[in-house]
Amino acid sequence: MQLNFNSSKPIYLQMVDEVKKSLARGELTPGDKIPSHKEQAQISKVNPNTVQRAYQEMEREGLTETLRGQGTFISNDMELLARIRSEMVLTATLAYIEEMRGLGVGPEETKEILQTQLFIDREEG
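In terms of this note's numbering, the sequence shown opens at residue 4 and continues consecutively.
Worth double-checking, as some hints may not be accurate.
As the list claims (entries may be wrong) - The calculated EDC-like cross-link candidates involving lysine to aspartate or glutamate, where the alpha carbons are at most 20 angstroms apart (straight line), are:
| id | residue 1 | residue 2 |
| --- | --- | --- |
| 1 | Lys23 | Glu64 |
| 2 | Lys48 | Glu21 |
| 3 | Lys41 | Glu21 |
| 4 | Lys23 | Glu60 |
| 5 | Lys24 | Glu68 |
| 6 | Lys36 | Glu62 |
| 7 | Lys12 | Glu60 |
| 8 | Lys23 | Glu90 |
Read the hints as simulated data drawn from the structure, not as lab findings.
Quantities reported herein were computed from a predicted structural model and do not represent experimental measurements.
The task is simple: from the sequences and hints, build the whole structure.
Encoded structure:
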């Protein structure tokens, strides 16, 4: 998991978000083992304490589980994983709508833009 950090939120939360995005995209699946704290710190080029905090947060949310002596794994809770994906989709949608409002684009124009872009994507795919 290679990350490009920004200053908008703490790095450990960005790491949690990246795992969630990987799940939503199907790059990670329930039961997958994720790198150890040390490995992830080296990959991400961050302090191991930051990785530990991210892993603690993921475990607190039920996103991962640590098996002593075996490592950290993505949760097998399909309901939780579906809820995470739904929350991420809603967050992205609300951010888009807020951006359109900020640009002074009304609901009908926003809808037209979305429909046009979705139609273009279908033609290209």
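Check each numbered hint against the structure and report the violated ones by number, ascending. none
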